[in-house]
Amino acid sequence: MLEVRDISKSFGGLKAVDNASLDVAAGEIVGLIGPNGAGKTTLFATIAGFHRPDAGAVSFEGKPITGLAPHRICAAGMVRTFQITQPFAGISVRENIMVGAYFRTADRRLAAREAEAVAGLVGMKDQLDQRGADLTVAGRKRLELARALATGPRLLLLDEVMAGLNPTEIVEIVGVIKNIRAAGVTILLTEHVMQAVTSLAERVYVLNQGRMIAEGTPAAIADNALVIEAYLGHGAAKVLRA
Amino acid sequence: MSRAVPLCVVGLAAALAWPLLVPNYLVTIGMLAFFTAFIGQSWNIAGGFAGQTSFGHVVFFGTGAYTSTILQVTYGWNPWLAWLVAMAAGGAVGWMIAVLSFRAGLRGSYFALITLAFAEVFRILANSVPFTKGGLGMLIKADPRPENFQFKDPIWIYYLALLLCIVSLLIAWQLTRSRFGARLVAIRENEDAARALGIDVFAEKVKMLTLSGAMCAAGGTFYAQKYLYIDPGIAFGVDKSVEMLLVSMVGGAGTIFGPLIGSFTLMGINEVTRWLASVVPALKNVQPLSLIVYGIMLILIVARLPDGLMSLFRRKPRHA
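Chains as they are written, first to last, in the working numbering: chain A, 1 to 242; chain B, 243 to 562.
There are no misleading hints in this set.
Okay, the calculated bits of chain A under chain B, using three or more residues with CB under 8 Å as the criterion:
| # | region |
| --- | --- |
| 1 | 71 to 77 |
| 2 | 86 to 99 |
| 3 | 106 to 115 |
What the hints contain is simulated information worked out from the structure, not anything from laboratory work.
Note that this is a predicted model, so its numbers are computed, not measured.
Beta carbons are placed, not taken as given, at the ideal position from N, Cα and C, and that holds for glycine.
All chains, please: the whole structure from these sequences, using the hints.
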């Protein structure tokens with residue numbers, strides 16, 4: 001469904017993403033993990049059209065989308081959320097989600113109905129009239145999800161939706177994400193908390209210092225010496241085995 | 243919104259009856275208030291709803307005023323017909339400024355400055371090119387016939403201003419309940435999120451400024467037909483830009499009735515300070531007193547009521 005081939009992206013002298021590739025098949029939940037600063041968000045932003053890659057190609061459902069503007073990529077059926085939540089602060093949750101829903105219909109009533117349905121799916125039914133600015137961190141994360149979902153994507157790119165949440169909230173949002181997948185939406189998510197990913201993803205990619213260092217099931221990844229070193233430092237794998 | 247309906251009906255009835263009940267000078271004041279509310283609303287679409295603060299909206303106003311006046315005076319056009327062309331010209335200038343500045347990614351204060359620069363360039367051009375008659379300005383021959391867009395009785399220009407104001411309110415109302423309006427608000431609140439949700443931010447902004455420019459240009463023609471004289475300072479001076487911005491900010495930027503309430507508030511201050519200056523000898527030399535009061539008021543509103551006077555009427559959580 002999504003093919004990312006040899007993407008590189010630098011900012012000045014910093015190579016944020018270096019020859020990274022990944023694939024997502026329809027119906028999967030795929031995780032992209034890596035320590036802080038590994039380049040996950042940059043790779044995401046590049047896939048979603050917010051950055052133009054220096055090299056490499058992205059295709060979605062067989063069509064090349066490299067360097068297309070975000071709204072065109074959204075039109076193709078792929079939407080991202082933001083790690084640093086970007087609510088429309090001055091308007092209500094309903095209106096926030098309606099902006100997403102308007103992507104599919106110009107009709108106000110339909111958009112409002114769609115917004116309420118999506119709010120139900122992410123557990124925000126009781127907060128529809130709250131202002132975006134008044135939401136808690138967990139609420140904002142849900143709103144990110146809801147708005148993106150309202151555009152009717154086939155592939156959702158979730159950028160650290162669990163960061164900053166407490167364990168109870170994480171359990172709740174994991175449930176929400178499972179529901180979304182059950183509704184037929186493919187999901188690629190980044191996370192630097194590995195535990196959160198293992199409970200969701202069938203396959204995991206590991207990014208470190210801009211490079212893809214491993215790929216496999218969560219269990220295999222957790223055993224991978226390179227991955228352990230990326231998280232715990234050079235030589236850690238040997239120490240742990242001993 | 244439903245409790246606003248009886249208020250609107252009463253307000254409309256009062257506005258219709260007003261010129262029949264009061265002396266002529268108060269009719270003119272009412273006319274000016276509605277006119278300012280109208281051009282204020284054109285600013286409000288850009289600066290309020292879409293969050294693209296312009297300091298040079300007068301560029302559209304002047305474009306409208308000069309387009310219709312030149313067509314009328316130099317080429318003998320009927321002013322009503324020229325009015326349509328003036329709106330198209332204002333829309334075209336809005337389109338051009340939007341394409342140039344939004345293509346270059348200008349936002350916030352940079353956009354405000356570039357609009358100010360455009361207005362100044364237009365003012366200087368109007369001062370120097372031959373077809374605007376330069377600094378002398380242009381005089382429209384007085385010929386008060388309705389088909390000539392000139393009226394003997396001030397009541398008609400009053401009703402025309404009222405009609406313009408109502409049309410602008412309907413446009414704003416439509417914005418609050420349409421996809422286009424929702425997208426403008428989304429762009430104001432967070433441009434990146436808007437892009438991620440499939441909004442072609444550039445295209446929407448261009449559409450927005452084209453609409454706003456056409457509206458403001460309609461106000462320019464109206465002004466020229468009322469006073470029958472324009473010069474570069476009137477048509478492209480910074481005063482009108484500030485006035486449009488001020489009435490929207492004072493009333494409530496991004497609200498339907500903000501510019502109207504702001505315009506009546508400022509008109510009221512104007513009259514009260516004029517009266518004060520005439521009865522209090524110490525204030526006689528403080529001219530114009532109204533500007534000082536405006537300034538204080540703007541400071542207070544920005545500090546205490548950033549959503550303008552409208553926020554006094556609104557229930558706390560805003561929703562559709």
